[in-house]
Amino acid sequence: MGSESVKEKSVSVILLAGGKGKRMGASMPKQYLPLLGQPIALYSLFKEIQTKWLVLLSDTKEKIHVDLKFAFPGKERQDSVYSGLQAVDLNSELVCIHDSARPLVTPGDVKKVLKDGWLNGAAVLGVPAKATIKEANSESFVVRTLDRRTLWEMQTPQVIKPEEGLEVTDDVSIVEHLKHPVYITEGSYTNIKVTTPDDLLLAERILSTS
1 MGSESVKEKS VSVILLAGGK GKRMGASMPK QYLPLLGQPI ALYSLFKEIQ TKWLVLLSDT
61 KEKIHVDLKF AFPGKERQDS VYSGLQAVDL NSELVCIHDS ARPLVTPGDV KKVLKDGWLN
121 GAAVLGVPAK ATIKEANSES FVVRTLDRRT LWEMQTPQVI KPEEGLEVTD DVSIVEHLKH
181 PVYITEGSYT NIKVTTPDDL LLAERILSTS
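Residue numbers (the UniProt record's numbering): 1 to 210.
One or more of the hints may lead you astray.
[What the hints assert, rightly or not] Pairs of lysine-lysine, DSBU-like flavour, derived with a Cα cap of 35 Å: (1) K112 / K69; (2) K112 / K193; (3) K130 / K193; (4) K75 / K111; (5) K75 / K112; (6) K115 / K69; (7) K134 / K193; (8) K112 / K130; (9) K69 / K111; (10) K193 / K111; (11) K193 / K69; (12) K75 / K134.
Treat the hints as calculated values from the structure; they're not laboratory data.
Whenever a hint applies, use it, and build me the whole structure from the sequences.
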């Protein structure tokens, strides 16, 4: 981590890989589609594999030949996170939650968000919003323009530090709801979530030029 504050192999990672990926329109979940010759989820797995525990939330019918600890995904994302949290070792210094459909996260950004999670109790990767964001009413008329300078696009990993007084029952959104401050670690715009065929093509281009 570049910091002595977290001991080696002290991070439990929950890799979310149970989504169906209907927007991709493919015959299999998007996280198992090939990206330059290997499943999308493996890119995230290889970057997280050195941690103490890794729980993979996935459909057990999908064949993945890696020795992992599996947990069943839930109906919604927060249900899958909860399922994963029941399986990890909460004696770890940190719990790190990552979407398997974000294969381009860099090791440097992972180290930064882990360090910030350790220092602040909860942290999440994000990037400043670049587009102009409008708030609309139920009839699709613009209500106001939001101040882009205060807006961030959230990514993963999301990191939580289990400690006395912080009940870890869900991911950063729940910690935020519990009024625990969540620190935003500035990440990279290339850490895209592969959701559509266009995203897959963009990920291939990024990997090919990196």
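Structure-based check of each hint:
1. K112 / K69: Status holds; Cα separation ~26 Å.
2. K112 / K193: holds (19 Å)
3. K130 / K193: Judged against 35 Å, a Cα distance of about 17 Å means the pair holds.
4. K75 / K111: Given pair K75, K111 holds - Cα atoms ~30 Å apart, limit 35 Å.
5. K75 / K112: holds (31 Å)
6. K115 / K69: Since the Cα atoms of K115 and K69 sit roughly 25 Å apart, the hinted pair holds (cutoff 35 Å).
7. K134 / K193: Holds, at roughly 22 Å.
8. K112 / K130: holds (22 Å)
9. K69 / K111: Holds: K69 and K111 sit about 23 Å apart, inside 35 Å.
10. K193 / K111: holds (19 Å)
11. K193 / K69: Holds, at about 24 Å.
12. K75 / K134: holds (30 Å)
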